[in-house]
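Asker: Letter by letter, the chains look like this.
Number of protein chains: 6
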Amino acid sequence: MPSITIEGPKINDIEKKRSLVKELTGAAVKAYGLPAQVIVVLIKENLPDNVSVGGQLISDRKNT
Amino acid sequence: MPSITIEGPKINDIEKKRSLVKELTGAAVKAYGLPAQVIVVLIKENLPDNVSVGGQLISDRKNT
Amino acid sequence: MPSITIEGPKINDIEKKRSLVKELTGAAVKAYGLPAQVIVVLIKENLPDNVSVGGQLISDRKNT
Amino acid sequence: MPSITIEGPKINDIEKKRSLVKELTGAAVKAYGLPAQVIVVLIKENLPDNVSVGGQLISDRKNT
Amino acid sequence: MPSITIEGPKINDIEKKRSLVKELTGAAVKAYGLPAQVIVVLIKENLPDNVSVGGQLISDRKNT
Amino acid sequence: MPSITIEGPKINDIEKKRSLVKELTGAAVKAYGLPAQVIVVLIKENLPDNVSVGGQLISDRKNT
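Chains as they are written, first to last, in our numbering: chain A, 1 to 64; chain B, 101 to 164; chain C, 201 to 264; chain D, 301 to 364; chain E, 401 to 464; chain F, 501 to 564.
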């Protein structure tokens with residue numbers, strides 16, 4: 001605690017994940033004034049047929 | 101925002117997913133008076149050995 | 201299970217909440233082929249200074 | 301409802317999952333004074349490259 | 401990490417919360433083989449007009 | 501989508517919230533290569549008697 005959960009599409013580049021968790025953690029450290037060690041980040045990767053925006057699946061949008 | 105997350109078992113039929121996100125989105129549009137474009141839906145599919153009801157895994161219930 | 205969580209702004213009209221949970225539940229019943237009794241809905245109400253879109257708090261947007 | 305979601309690494313031993321959901325459910329029964337039948341548990345299994353503590357991915361920590 | 405989130409009604413008795421988090425933590429310690437210090441528990445308290453079961457708000461059920 | 505949820509203690513300083521959501525959003529923009537406009541952040545503020553670490557409520561820890 002604090003913990004950060006980020007829901008998004010798949011991230012294939014591990015370097016992108018490394019930067020992402022570092023920056024999210026840094027933002028939390030500043031906001032809460034707590035040491036980085038207590039900040040947990042969860043990256044949640046979602047398939048395009050499990051996410052919709054405006055009532056349309058992302059996978060259907062891609063087919064357009 | 102608003103966002104809707106639905107946790108359930110796997111949905112194999114893509115048509116069922118299409119209808120689901122459309123209906124969930126429509127319900128949110130009416131409740132919040134916001135345009136569909138800002139409504140996000142996340143479908144979360146869970147394996148039967150990762151869900152329990154009444155302290156019993158769904159996968160064990162199926163074995164009965 | 202299944203359970204639906206909807207994150208949005210405050211809903212002041214209880215009738216809107218009644219319709220919302222009824223419609224969300226109905227959508228889940230159709231998608232999963234399960235009885236309404238097992239469908240749980242959680243409405244989460246968020247303050248405008250706890251939500252941001254595009255990096256800007258909703259409460260700041262309203263001030264514009 | 302109530303529902304318990306537990307986010308952690310993968311659990312390979314199904315017996316561990318059985319005990320886990322039974323104990324989590326029992327704890328909720330006592331806290332809320334509700335029958336076990338209404339308590340739902342979701343186990344969420346996360347890959348080590350999707351979790352960070354202290355700004356470092358668990359998968360990178362393991363490499364050390 | 402691991403973290404446990406429990407969604408339920410309000411718990412008025414702080415002793416009940418103390419026992420709840422202790423038991424949830426103990427269950428996670430056994431399941432993951434990790435020290436208690438890394439286990440986080442979040443108790444989420446929901447109002448009866450923000451939860452529905454079977455398409456009916458809990459607050460309406462109470463009125464019956 | 502993507503959406504970021506951050507669970508932590510109360511943040512009393514609105515400037516801290518402004519910086520937090522801006523930085524979280526910026527991190528997501530870089531990771532996903534998506535415009536800031538589609539990134540949603542939810543700040544969740546938790547009371548110290550609703551969070552435990554190591555099986556002990558934060559509110560009890562403060563009393564020490």
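Read the hints as simulated data drawn from the structure, not as lab findings.
Don't take each hint at face value.
[As the list claims (entries may be wrong)] Pairs of lysine to any residue, SDA-like flavour, derived with a Cα cap of 25 Å:
(1) 210/C x 254/C
(2) 44/A x 130/B
(3) 544/F x 230/C
(4) 410/E x 548/F
(5) 130/B x 55/A
(6) 210/C x 505/F
(7) 544/F x 401/E
(8) 30/A x 145/B
(9) 310/D x 410/E
(10) 10/A x 253/C
(11) 222/C x 330/D
(12) 522/F x 549/F
(13) 16/A x 42/A
(14) 310/D x 358/D
(15) 216/C x 148/B
(16) 510/F x 454/E
(17) 516/F x 544/F
(18) 216/C x 401/E
(19) 144/B x 37/A
(20) 30/A x 210/C
(21) 530/F x 142/B
(22) 110/B x 30/A
(23) 510/F x 201/C
(24) 30/A x 310/D
(25) 410/E x 201/C
(26) 116/B x 155/B
(27) 310/D x 344/D
(28) 516/F x 549/F
(29) 130/B x 146/B
(30) 10/A x 160/B
(31) 210/C x 126/B
This structure is a prediction, so every number in the text was calculated from the model and none was measured.
Asker: Against the 25 Å threshold, does the CA-CA distance of residue 510/F and residue 454/E hold or violate the hint?
Answerer: Violated, at about 33 Å.
Asker: With a cut-off of 25 Å on the C-alpha distance, tell me whether residue 210/C and residue 505/F pass.
Answerer: Distance ~17 Å between residue 210/C and residue 505/F Cα, so the pair holds.
Asker: Taking only the CA atoms, is the gap from residue 516/F to residue 544/F under or equal to 25 Å?
Answerer: holds (14 Å)
Asker: Decide if the proposed pair is consistent with the structure: residue 530/F and residue 142/B, CA atoms, cutoff 25 Å inclusive.
Answerer: holds (22 Å)
Asker: Does the alpha-carbon distance linking residue 110/B and residue 30/A stay inside the 25 Å limit?
Answerer: Roughly 39 Å separates the two Cα atoms, so the pair is violated.
Asker: For the pair supplied as a hint, residue 116/B and residue 155/B, confirm whether the alpha-carbon distance does not exceed 25 Å.
Answerer: violated (29 Å)
Asker: Please work out if residue 130/B and residue 55/A have their alpha carbons no farther apart than 25 Å.
Answerer: holds (13 Å)
Asker: When you check the alpha-carbon spacing of residue 544/F and residue 230/C, does it fall within 25 Å?
Answerer: Status violated; Cα separation ~32 Å.
Asker: Compare the distance between the alpha carbons of residue 216/C and residue 401/E with 25 Å, and conclude whether the hinted pair is satisfied.
Answerer: Roughly 37 Å between the alpha carbons, so the hint for residue 216/C and residue 401/E is violated.
Asker: Given the proposed pairing of residue 44/A with residue 130/B, does the C-alpha separation stay at or below 25 Å?
Answerer: Status violated; Cα separation ~29 Å.
Asker: What's the verdict on residue 310/D and residue 410/E, does the C-alpha distance respect the 25 Å limit or exceed it?
Answerer: Not satisfied, since the Cα-Cα distance of roughly 31 Å exceeds 25 Å.
Asker: Within 25 Å, alpha carbon to alpha carbon, are residue 30/A and residue 310/D?
Answerer: Measuring from Cα to Cα gives roughly 31 Å; hence the hint is violated.
Hint violations for this structure: numbers 2, 3, 8, 9, 11, 12, 15, 16, 18, 19, 20, 22, 23, 24, 26, 29, 30, all remaining hints satisfied.
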